[in-house]
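K.L.:
Here is what each chain is made of, one letter per residue.
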Amino acid sequence: MDASQIIFFLSAALILVSALFVVTARNLVHAALWLIATLFGVAVLYVLLEAGFLAVVQVVVYIGAIAILFIFAVMLTRRDLLSQSSQTNANWPVALGVSALSLAAIAFIARGFGFSLDRPLAPVPTDSLERLGQALVSPQQFVLPFEVASVLLVAALVGAVYVAMNKK
Amino acid sequence: MNFWTDPIKVIYDWLMITLTGWGMSGWLADVLINLLGIIVLITAAMVLDILLVWVERKVVARFQDRLGPNRVGPFGLFQPFPDIIKLIIKEDITPAGADKVVFNLAPILSLASVIFLWAVIPLAANVYGVDLNVALLYLVAAGAIGTLSIIMAGWASNNKYALLGAYRMVAVMISYEIPMIVALLIPTLLAGTMSMKGITLAQQDGLWFVVLSPLGMLLFLVAAIAELGRAPFDLSEGESEIVSGFHIEYSGMKFGLFYAGELLHAFTFGAFVGILFFGGWNWPLPWGDKYPLIGIFNVLAKGMFFYWVIMWVKYTVPRLRIDHMLAFNWKFLTPLAFALLIVTAVVHAIFKDLPLWAYGLAMFLSNILLGWAVLEILRSNARQERAAEETPAPAAQH
Chain A
1 MDASQIIFFL
11 SAALILVSAL
21 FVVTARNLVH
31 AALWLIATLF
41 GVAVLYVLLE
51 AGFLAVVQVV
61 VYIGAIAILF
71 IFAVMLTRRD
81 LLSQSSQTNA
91 NWPVALGVSA
101 LSLAAIAFIA
111 RGFGFSLDRP
121 LAPVPTDSLE
131 RLGQALVSPQ
141 QFVLPFEVAS
151 VLLVAALVGA
161 VYVAMNKK
Chain B
1001 MNFWTDPIKV
1011 IYDWLMITLT
1021 GWGMSGWLAD
1031 VLINLLGIIV
1041 LITAAMVLDI
1051 LLVWVERKVV
1061 ARFQDRLGPN
1071 RVGPFGLFQP
1081 FPDIIKLIIK
1091 EDITPAGADK
1101 VVFNLAPILS
1111 LASVIFLWAV
1121 IPLAANVYGV
1131 DLNVALLYLV
1141 AAGAIGTLSI
1151 IMAGWASNNK
1161 YALLGAYRMV
1171 AVMISYEIPM
1181 IVALLIPTLL
1191 AGTMSMKGIT
1201 LAQQDGLWFV
1211 VLSPLGMLLF
1221 LVAAIAELGR
1231 APFDLSEGES
1241 EIVSGFHIEY
1251 SGMKFGLFYA
1261 GELLHAFTFG
1271 AFVGILFFGG
1281 WNWPLPWGDK
1291 YPLIGIFNVL
1301 AKGMFFYWVI
1311 MWVKYTVPRL
1321 RIDHMLAFNW
1331 KFLTPLAFAL
1341 LIVTAVVHAI
1351 FKDLPLWAYG
1361 LAMFLSNILL
1371 GWAVLEILRS
1381 NARQERAAEE
1391 TPAPAAQH
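In order, the protein sequence lines correspond to chains A and B. Each residue of the first sequence is one higher than the last, beginning at 1 in this note's numbering. Each residue of the second sequence is one higher than the last, beginning at 1001 in this note's numbering.
Same shape as in the complex, but just chain A:
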């Protein structure tokens, strides 16, 4: 047991506990805050996997943008929206069955991997950030998806400007 294992167990516990509270919290803002705790725990896991860029982007995008938008949207709704009503509906046995099946499937697949400590760690390239940057603009790799994504974003931006535009 070393320091990174302790951090792994702590962050895994944080992710699981806060994910549980996301679905059980009665107050919507609390649920959003627990979601932020979950996302932060995932960022810690990325750091443990030596994926620093991914970890930081996780915090910027999910906590800095998406979660804040969630909280904004939730705050603009009625405060006691969900405090009285039931949190489940009549479909809960079906949902339970589906999730149990998925869990069984994941467990079945994971069994085949044969996790063990004997396997050597994959080498982490020192210039992983540069490689990522070059992969995004290299024609052999991801330049097409990258450009398509930016076209999508520009379309969203233009749409937003059109909706907000003051028609004279």
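Bear in mind the hints are in silico, worked out from the structure with no lab data behind them. Honestly, I wouldn't trust all of these hints.
Label pairs and their computed distance ranges (CB to CB) [unchecked claim]:
1) B:1010 with A:156: 53 to 59 Å
2) B:1096 with A:152: 43 to 49 Å
3) A:9 with B:1357: 52 to 58 Å
4) B:1374 with A:154: 21 to 27 Å
5) B:1085 with A:92: 52 to 58 Å
6) B:1357 with A:16: 55 to 61 Å
7) B:1014 with A:131: 35 to 41 Å
8) B:1101 with A:136: 37 to 43 Å
9) A:133 with B:1240: 46 to 52 Å
10) B:1372 with A:21: 52 to 58 Å
11) A:145 with B:1018: 50 to 56 Å
Glycine included, C-beta positions come from ideal geometry on N, C-alpha and C.
We have chain A; now place chain B onto it with these hints.
P.N.:
Here is chain B on its own, set in the frame of chain A:
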């Protein structure tokens, strides 16, 4: 290797030998020493913060033609201590109807988001928390936690003024994040790395980035001031309309945490301006790259200077209205930032193989040219707007 050229390594080795000599296992000693380092760094930052309270009050007083604190200690230097005692013994109020846990968590997160930043500041060539290769993005990520703390404070206070202040602040922070990220891309592009240490080293070998990109420096400074929520962008506090905004319900040390966080945040961003655009540990004293203590002094001196610039702006410029402020961001700063990024990238790509003086001149002139073009466009726009407003005026008079 001795203490004056590499203090951290010397202290680390000494502690390691001492702790393992006591029979502690290697990795545990390593973790303990690192924890100790973190505590020392945070304590140093907080002690600096105490001094900043005095600096802030003294400088404000000078700007407003007053004397400022001058009773406790020489030049009122010990004034922060009575302030702190007052904050600590004040009644700690949690308003009825407030969300207790979130209410108490918000000031902690607010200060933490600033302390996080100190992890990546290279105080000298070999004195830094961690040399992240994504340090600039990390800076933005820490800012995201600050945004979160403000919205938590505003919502949990169960107060309409607090919520309004938080809404305003978050609107400002989310929108000014865009020009700030683009301005941060400029040192990244010039140095070819996002690591703060790499950026400082690139300036040590070449020219300071403020010469290569003066506009980028100004953009970063303006976006940073907005991100800090200081005047002229402090409408989240707006004493005259929403009575100090998101921290209206906080008293005692909880308010103290917000206040300390704000001051330290301003100083930290001052240090970032010094590191990203003014050569970090290299100036004003020589040998900052060889002797870390000189380097630390240089970084802190630059941080202090830009902290003073931020205060200068704060106490000179009146508060903006929210629509003016958002228009300033979306219609001026953001397009300018993107134009500057494109110009910088193109000029850098064309001229980077020329000798240093020619490259520097080309970059500097391209920035000046862009700045001049922007001013011309603004002037003609303003003239048109004025003309449009003046034409119906005579009819209205009669």
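K.L.:
If a hint holds in the structure, say so; if it does not, say that too.
P.N.:
Status of the hints after comparison with the structure:
Residue 1010 of chain B and residue 156 of chain A have their C-beta atoms about 54 Å apart, which keeps the hinted 53 to 59 Å range intact. Between residue 1096 of chain B and residue 152 of chain A the beta carbons are some 47 Å apart, a value that agrees with the proposed interval 43 to 49 Å. Restraint check, residue 9 of chain A to residue 1357 of chain B: a C-beta distance of roughly 57 Å satisfies the suggested window 52 to 58 Å. Separation of residue 1374 of chain B from residue 154 of chain A is about 23 Å and conforms to the stated range, judged on CB atoms against 21 to 27 Å.
Distance hint for residue 1085 of chain B and residue 92 of chain A: a CB-CB separation of about 56 Å, consistent with the stated range 52 to 58 Å. Checked against the hint of 55 to 61 Å, the C-beta distance between residue 1357 of chain B and residue 16 of chain A comes to roughly 59 Å, which is consistent with it. Range check, residue 1014 of chain B to residue 131 of chain A: Cβ separation about 38 Å, and the 35 to 41 Å hint holds. The hinted range of 37 to 43 Å is satisfied by residue 1101 of chain B and residue 136 of chain A, whose Cβ atoms lie roughly 41 Å apart.
At roughly 47 Å, the beta-carbon separation of residue 133 of chain A and residue 1240 of chain B lies within the given 46 to 52 Å, and the hint holds. Separated by about 56 Å at the C-beta atoms, residue 1372 of chain B and residue 21 of chain A satisfy the suggested range of 52 to 58 Å. Range check, residue 145 of chain A to residue 1018 of chain B: Cβ separation about 54 Å, and the 50 to 56 Å hint holds.
Checked against the numbered hints given earlier, this structure breaks none of them.
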